[in-house]
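Peer 1: So the number in this note's numbering is just where the residue sits in the sequence shown, counting from 1, plus 151.
To be clear, the hints were calculated from the coordinates, so they are not data collected in a lab.
Because the structure is a prediction, the values reported are computed rather than measured.
Among the hints, a few may not be true.
[Claimed, not checked] Calculated pairs, PhoX-like style, for lysine-lysine (alpha carbon to alpha carbon, straight line, at most 20 Å):
| id | residue 1 | residue 2 |
| --- | --- | --- |
| 1 | K247 | K224 |
| 2 | K243 | K186 |
| 3 | K255 | K293 |
| 4 | K255 | K243 |
| 5 | K293 | K224 |
| 6 | K243 | K293 |
| 7 | K276 | K247 |
| 8 | K303 | K247 |
| 9 | K303 | K293 |
| 10 | K297 | K247 |
| 11 | K243 | K303 |
| 12 | K297 | K243 |
| 13 | K293 | K272 |
| 14 | K194 | K224 |
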Amino acid sequence: MTTRLLNYSRILVVDDEPDVLDTMESLLNMCEVVKARTFEEGKNLLESQHFDIAILDIMGVDGYGLLEIANRKNVIPIMLTAHALSPEDTIKSYNKGAAYYVPKEKMGEITTYLEDVLEAKEKGKNLWSRWLNRFASYYDEKFGRKWMVKDKEFWERMGYWE
152 MTTRLLNYSR ILVVDDEPDV LDTMESLLNM CEVVKARTFE EGKNLLESQH FDIAILDIMG
212 VDGYGLLEIA NRKNVIPIML TAHALSPEDT IKSYNKGAAY YVPKEKMGEI TTYLEDVLEA
272 KEKGKNLWSR WLNRFASYYD EKFGRKWMVK DKEFWERMGY WE
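I would like the entire structure built from these sequences, with the hints used as guidance.
Peer 2: If you want it as structure tokens, here you go:
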């Protein structure tokens, strides 16, 4: 996978797990990665420095609080989660302005997901335009094949309902 759009991006990663921070730094070696372990540290960095993208843990560091700040600062927010993984939290993340929602189990492919978002932005498309293609089978496995039925209207608006 080419990382043409991702090269030299400045990315803030906020997570309370040091191994996640180190893994992200390694995976995103074509970028400048700044790491934060707490909500306060992430908040201070978002408010005082420029970032292209912020990768935010939902649970350990109040990712939704940081999501609001990232949106105000025009930083592309990506939600990362292990414990809050659900179709409901996926929709909540979208509705609150997240550009993407990534299960921690899939963070090894973060460059692909970030490229999806940056390419969609460049082309003026919905930033989630490739999300279901990337995660439908994963969600089917996790939540059963009918996980979208409960929120059919949302998925229809997203163009994902057939």
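Peer 1: If a hint holds in the structure, say so; if it does not, say that too.
Peer 2: Against the structure, the hints come out as follows:
| no. | hint | result |
| --- | --- | --- |
| 1 | K247 x K224 | 14 Å, holds |
| 2 | K243 x K186 | 25 Å, violated |
| 3 | K255 x K293 | 14 Å, holds |
| 4 | K255 x K243 | 17 Å, holds |
| 5 | K293 x K224 | 34 Å, violated |
| 6 | K243 x K293 | 18 Å, holds |
| 7 | K276 x K247 | 18 Å, holds |
| 8 | K303 x K247 | 19 Å, holds |
| 9 | K303 x K293 | 18 Å, holds |
| 10 | K297 x K247 | 24 Å, violated |
| 11 | K243 x K303 | 15 Å, holds |
| 12 | K297 x K243 | 19 Å, holds |
| 13 | K293 x K272 | 29 Å, violated |
| 14 | K194 x K224 | 11 Å, holds |
In terms of the numbered hints stated before, the structure departs from hints 2, 5, 10 and 13, listed from lowest to highest.
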